[in-house]
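There are 2 protein chains.
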Amino acid sequence: MLWFIVDAHAQQDQAKVLKSIYDEVLLRGQCYPMLDYLCNQIGGRLSGSPEAEKAVQYMYGRMQKYGFDTVYLQPVMVPKWVRGKKETAKIVKAATEFEVNICALGGSVATPESGLTAEVIEVRSINELKLLGEAKVKGKIIFFNRPMDPTLIQTGAAYGGAGDQRVNGPAEAAKLGAVGVVVRSLTLANDEHPHTGMTRYLDDVTKIPACAISTKDADLLNKVLSLKSAAPVKFFFKMSCASYPDVLSYNVVGEIRGTQLPNEVIIAGGHLDSWDNGQGAHDDGAGCVQSVEALRLIKTLGLRPKRTLRVVLFMNEENGLRGGLKYAESAGEEQQSGIKHIAAIESDAGGFTPRAFGVDDSASAVYLKKWENIFQPYGIEQIRRGGGGADIGPLKKYGTILIGYIPDSQRYFDYHHTSIDTFDKVNKRELELGAAAIASLLWLMSEEGVQ
Amino acid sequence: MLWFIVDAHAQQDQAKVLKSIYDEVLLRGQCYPMLDYLCNQIGGRLSGSPEAEKAVQYMYGRMQKYGFDTVYLQPVMVPKWVRGKKETAKIVKAATEFEVNICALGGSVATPESGLTAEVIEVRSINELKLLGEAKVKGKIIFFNRPMDPTLIQTGAAYGGAGDQRVNGPAEAAKLGAVGVVVRSLTLANDEHPHTGMTRYLDDVTKIPACAISTKDADLLNKVLSLKSAAPVKFFFKMSCASYPDVLSYNVVGEIRGTQLPNEVIIAGGHLDSWDNGQGAHDDGAGCVQSVEALRLIKTLGLRPKRTLRVVLFMNEENGLRGGLKYAESAGEEQQSGIKHIAAIESDAGGFTPRAFGVDDSASAVYLKKWENIFQPYGIEQIRRGGGGADIGPLKKYGTILIGYIPDSQRYFDYHHTSIDTFDKVNKRELELGAAAIASLLWLMSEEGVQ
Chain Z
4 MLWFIVDAHA QQDQAKVLKS IYDEVLLRGQ CYPMLDYLCN QIGGRLSGSP EAEKAVQYMY
64 GRMQKYGFDT VYLQPVMVPK WVRGKKETAK IVKAATEFEV NICALGGSVA TPESGLTAEV
124 IEVRSINELK LLGEAKVKGK IIFFNRPMDP TLIQTGAAYG GAGDQRVNGP AEAAKLGAVG
184 VVVRSLTLAN DEHPHTGMTR YLDDVTKIPA CAISTKDADL LNKVLSLKSA APVKFFFKMS
244 CASYPDVLSY NVVGEIRGTQ LPNEVIIAGG HLDSWDNGQG AHDDGAGCVQ SVEALRLIKT
304 LGLRPKRTLR VVLFMNEENG LRGGLKYAES AGEEQQSGIK HIAAIESDAG GFTPRAFGVD
364 DSASAVYLKK WENIFQPYGI EQIRRGGGGA DIGPLKKYGT ILIGYIPDSQ RYFDYHHTSI
424 DTFDKVNKRE LELGAAAIAS LLWLMSEEGV Q
Chain L
4 MLWFIVDAHA QQDQAKVLKS IYDEVLLRGQ CYPMLDYLCN QIGGRLSGSP EAEKAVQYMY
64 GRMQKYGFDT VYLQPVMVPK WVRGKKETAK IVKAATEFEV NICALGGSVA TPESGLTAEV
124 IEVRSINELK LLGEAKVKGK IIFFNRPMDP TLIQTGAAYG GAGDQRVNGP AEAAKLGAVG
184 VVVRSLTLAN DEHPHTGMTR YLDDVTKIPA CAISTKDADL LNKVLSLKSA APVKFFFKMS
244 CASYPDVLSY NVVGEIRGTQ LPNEVIIAGG HLDSWDNGQG AHDDGAGCVQ SVEALRLIKT
304 LGLRPKRTLR VVLFMNEENG LRGGLKYAES AGEEQQSGIK HIAAIESDAG GFTPRAFGVD
364 DSASAVYLKK WENIFQPYGI EQIRRGGGGA DIGPLKKYGT ILIGYIPDSQ RYFDYHHTSI
424 DTFDKVNKRE LELGAAAIAS LLWLMSEEGV Q
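The listed protein sequences correspond, in order, to chains Z and L. Residues 4 to 454 in my numbering are what the first sequence lists, from first letter to last. Residues 4 to 454 in my numbering are what the second sequence lists, from first letter to last.
Hint data in this document are derived by calculation from the structure and do not stem from the laboratory. Each hint should be verified, as a subset may be incorrect.
Same chains, same label: a pair holds when it works inside one copy or across any pair of copies.
[Said to hold, decoys possible] Once the Cα atoms are required to be at most 25 Å apart in a straight line, the calculated SDA-like pairs of lysine to any residue come out as:
1) K22 with A160
2) K226 with Y35
3) K219 with D39
4) K22 with G159
5) K219 with Y35
6) K219 with Y40
7) K373 with L155
None of the values given here were measured: they were computed from a predicted structure.
The following block holds chain Z by itself, in its conformation from the complex:
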């Protein structure tokens, strides 16, 4: 009974801390102007680009200005891929031509300088492609046109269910002698914006040029292909993208040292790189500024965490994950010196209104669930099993509890990897509420551990 009373008091005290964190961000938040700068002054930040380096320096400067105990750059070699000139494409049937909107998939090779034309064949899956076999695929452009499933409520699940076409489709098509690949953009929106994203070539398979086509134009191509007439349907596209040798870049790290258990580290982070075609506002400028803001909130409120809190801005999530791997490598080295990463929060699902935290470990999910009631007034309605994230994933081998910050997912894939992932799509309060949620969970875990 005494235990219960103490616990209720502790919860009440923590509820007051949360209130102070939320008040601070809603009254004097810094993350929205920080994102404004990242998007409107710097812009798209593809690994190895001048913009990515500007972003590294800018965020390093922010953390220094906020007076974190330690701020440093962690060197990491990253791939460099450049899109080149704006891509062009058209559907050709007999004398009729339709211009369509495409963009090169990340990592794609270029077409010949004058472009590439070939007959196009539509498939809905890699399996369907394999059933066609080499005889029918050889010399053709393969059009992967399986839409994301709109009936899945969490749009991330719909993305996961269609993503293999983009990631593995080009390599699989090349195995059967295809000369190019067009992939339906991974979005639930029906519009004119092509969505880029990484494709994965295989070392021993010819690299063929691969692009994404907007969903409206994918529907058009599908329609043209369904017309009954003898003339074959051809697809033309021209891309000048190219890969270059790896270049030096950095993860950006800042920390507030723990007062009682400094060797227990809890991190929050997002990825600082983005695709080049937009501003990387939701993906993942939002996660970066939220993570930095989370530590700033704790610092500025004079909260002294028991455990060490660290923000990590990962480089190269989009096309290599080198930053995540490098950081995990250094975490392994720290582990040798008795410094343990007990938990990691990743924010890489957009700057939308908060909904939940997902915890990848059952026992910890149960332990953290006790805080649901103090989060609920702030729109975090669930602390549940699930979650994690690409950049923090490699920490799993050190026993780190991986936690995903989960904002509402409905609008995310409208903007993801497109030219319209821009600052104006982010709502100030939604962004701020996310930063406060991350700060609050960091604080609670620093006070009471993770299990």
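Position chain L relative to chain Z; hints supplied.
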């Protein structure tokens, strides 16, 4: 134990019905194109305007096309107020002038044709105004500048906390001899858009012209007023708005008759009128098309509700509530014939991502809460005490359970009553998920009652 098993089976069956409703709306939803028409083909629909009448005819036609059992127009006399020419305004201090963005408050009288100029005084509340007293207020323009409280997580609460300035401020200022009123726009955004909305004159008090000023310009006016220099700060504004005699309009009603308890009626609705300056997309085109879609979903899936389901599109919520009052009057007459309104759902908080239902009756809130678990996968995470709505409010006297559909509130007041409350601000899936949530709750209540 047997009871438990039966109940679990029933829940499982209902979960299947919900899945079919959500699949239908996400695959073949009609509400998004319906809203497109309402916004882009018709536009703002202020009571008594030609647009409001077009909207009545259009929605009536939609319901007929969807084959509801009964569709009818319910006549109601509504006030007619017309904004007139675009308003102009400026801050004047000595030789310096700043043009600012204003709009007339709904119901306001016009300024003199050549405009109105007077010294302006800032207050933060009606109480502060009263403390100034007649000597200081007489002949002045009163500037109400208390912002909405950003630390309130539910933006509706922040709106409620600042709204008295707009609703009662002009009448209170007039009592003390003020000649005009400027109200800070009711929004948490800091931008250039003025937000209109109703103001309430008193019969025995002079009607003085009243406008809303954008938050950016409110800050500017505040700044100019704080400058230390002898010249008084004057405000000039020119508005040509006017009220006209009441005109005939309609609520639009459609129903699917219950198979077992047809005399128990459950309604869902929103208001068809909107302010004139935007398209009334979130406020409340969204609620209208969601309510119609809810019945269409039930109809098209061949579901046969035990109780009667009715959609009511109320006219004149914004500046009179005549439609809500008229409908309640007819519900009272129905009650005389043994037809009882057991529950009413109102959707008038925007077409944003679903979060909750609020139930105004404690016992029913507990009863409906049992469905939380089947709603949770669809983003409705709470069925809780609270809610209701302006148009369904007058039904309370008949013992009707009042339920508010509660979408996420963060973005709502960015658009509310402005020129940017337009179709493009509504996300297709978020709108559809709301329609399915309303259809699902209508269905469950029609099957299992409300207490």
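For each hint, the structure was consulted:
| no. | hint | result |
| --- | --- | --- |
| 1 | K22 with A160 | between (33 Å within a copy, 16 Å between copies) |
| 2 | K226 with Y35 | between (43 Å within a copy, 23 Å between copies) |
| 3 | K219 with D39 | between (30 Å within a copy, 18 Å between copies) |
| 4 | K22 with G159 | between (31 Å within a copy, 19 Å between copies) |
| 5 | K219 with Y35 | between (33 Å within a copy, 17 Å between copies) |
| 6 | K219 with Y40 | between (32 Å within a copy, 20 Å between copies) |
| 7 | K373 with L155 | between (29 Å within a copy, 23 Å between copies) |
Of the hints listed earlier, there is not a single one the structure fails to meet.
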